[in-house]
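*Asks:* Below, each chain spelled out in residue letters.
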Amino acid sequence: MELKSLSLVNFRSHRDAAYNFTEDVAVFTGPNGAGKTNVLDAIHYLSFCKGFLNPTDSQNIHLGEPFFLIEGKFKLNEKNEQISCGLKRGQTKIFKRNSKEYAKLSEHIGLFPLVLIAPTDIVLISGGSEERRKFTDTVISQFDRNYLEHLIRYNKIVQQRNAFLRQGQNDRSMLEVLNMQLCRYAPEIYEARKSFLNRIAPLFSKYYQILSSHNEEVSLVYDSGLNEYPMEDLLERSVERDRVMQYTTEGIHKDDLEIRVNGFPLRRYASQGQQKSILIALKLAQFDVMAELKGIKPLLLLDDIFEKLDQDRITALMTLVSQQHFGQIFITDSHPERVTDILGSIDCPYDRFSIELLQQTSQD
Amino acid sequence: MQPLPSKLLEDAVNEMSSLPGIGKKTALRLVLHLLKRDTAAIDQFSGAFVKLKRDIRNCNICHNLCDEETCTICSDRNRDRSLLCVVEDVRDVMALENTGQYRGIYHVLGGIISPLEGTGPSDLNIESLLLRVQTGEPKEVIMALSATMEGDTTNFYLFRKLKDFNIKLSTLARGVSVGDELEYADEVTLGRSILNRTPFENNLNR
Ligand SMILES: [Zn+2]
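Going down the list, the protein sequences come from chains P and D.
All residue numbers for the first sequence refer to my numbering, where the first residue is 2 and numbers rise by one.
All residue numbers for the second sequence refer to my numbering, where the first residue is 75 and numbers rise by one.
To be clear, the hints were calculated from the coordinates, so they are not data collected in a lab.
No residue lacks a Cβ here, since even glycine has one placed at the ideal position from N, Cα and C.
Any given hint could turn out to be false.
[Claimed, not checked] Computed from the model, here is a short list of chain P residues facing chain D with C-beta under 8 Å:
| # | residue |
| --- | --- |
| 1 | Arg154 |
| 2 | Gln161 |
| 3 | Met175 |
[As the list claims (entries may be wrong)] With a straight-line cut-off of 27 Å between C-alpha atoms, the simulated BS3-like cross-links for lysine-lysine are:
| # | chain 1 | residue 1 | chain 2 | residue 2 |
| --- | --- | --- | --- | --- |
| 4 | D | Lys81 | P | Lys157 |
| 5 | P | Lys80 | P | Lys298 |
| 6 | D | Lys213 | P | Lys157 |
| 7 | P | Lys309 | P | Lys135 |
Model the full structure from these sequences, guided by the hints.
*Replies:* What follows is the structure, given as structure tokens:
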């Protein structure tokens, strides 16, 4: 898949901008606040029907303007595709593929896959298990529609069960019914996560090796109560604890994707450079899994990820992602020459767009 | 909305708009319409609600709404007493009656199990259902609850309570998709699904 051109009208800091992409690598440079990241946000809109910077659509309209419009021309499976997203203040957003409006946005999500690595993604490494579960769930749902459906049901029953436990009633039948419903969905979710882990784990280790200058080995381990016991047994064993704690303490809603370094769990105080390399390796592994399962190379967006990485690691990363394997990539960097110098030194052709500060108030 | 010229008018509008789906504007239109009627008509109008609330009863057998001790369905000697259909509320009885396909009797639970909304099994007419089944008169219990997660929970709960009795347990054959409330299913689909009901055990094997 290729994004051939992008045009923005009144989108965040951009009043009227157009970009043509001729090379596989596009670099956006410029000072902070000029709106480099907003360009990536617009590309994200075309893929996920929403941005990654501000969840409130209307706040992405340039201050004082009545609407925004994002248009992208793609080439997908040898066919030209035009995707547009428009929003007028006070109305719902209009999302079109080849001038035809979608009835439901969910029909579009997953058709034009994209992998983004942004500074805020570091919570995936440094944050709690819910961040990594969300990552796992989001990726799996993009190629397995049943997965999301089962997950929503499972979570609903967990909420019902927690409410029941809080009410402190001693109704054995009721608890067994809720357990039975949890056991209906848990195994399928567990199996889907396990098979995803089996796919992504070796890729993750491989990419970390390439990016890291140290001789350390990282691995991903699927940590789930279901590794040891079937869901029925887990619930049976934890019934007393659940009553005391007044919530469901065991089950796939407690799963984690554990990151290990040389066999030991990653320490919270791992260096920022190390955390960042781990994040990038994880996202590149995600790229490979999606490319394989969807048969389409996702767009790869690297937003301002070079801080805390030394020159060697950046070079290793650029050499890696500029290979044909990764398709089309979009990079932002606040340093005017850093990335372009490296790309030049490895003979990688690129488009460069310099985004300067506007006089108007910026929304970056 | 503009402030109203009368406190009495305002009170009436507020009462009217307390109904679901009625906004302030519609409420005002309805209230002004009522005001045009003569006093006797208004007394009749408001009296109907007062009497309704004061005199309406729940059938002492199936908990359907009725004017007497026992509802017209339970009193009908021609209904098949060996068939007992469990539903969530009175609207479901009406929906199933509209199909013209069902000749058995009913049991109205008065809700659906949802701990999140504070409704547990003891808040529903489940004890009286068990007593009815214990008499041995019903030979088959049809669980006709909505195909939502809460409907599922309630089905499984009833299954647990009823499975040791010597009766057949069945559910509606689903022509309606998951999440559809029974009330909204069309008559033909609903009629067909109660005729082609399936043994509940089929649901246990996912
Ligand atoms: Zn009755």
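*Asks:* With reference to the structure, classify each hint as holding or not holding.
*Replies:* Outcome of the hint check:
1. Arg154: Arginine 154 (chain P) check passes; min Cβ-Cβ to chain D is 6 Å, inside 8 Å.
2. Gln161: Since the shortest Cβ distance to chain D is 5 Å, the answer is holds.
3. Met175: Hint on methionine 175 (chain P): holds, closest Cβ of chain D at ~6 Å, below 8 Å.
4. D:Lys81 with P:Lys157: Answer violated: lysine 81 (chain D) to lysine 157 (chain P) is near 46 Å, above 27 Å.
5. P:Lys80 with P:Lys298: Status holds; Cα separation ~15 Å.
6. D:Lys213 with P:Lys157: 34 Å, violated
7. P:Lys309 with P:Lys135: With a Cα-Cα distance of about 26 Å, the restraint between lysine 309 (chain P) and lysine 135 (chain P) holds, given a limit of 27 Å.
In this structure, the hints that do not hold are numbers 4, 6, in rising order.
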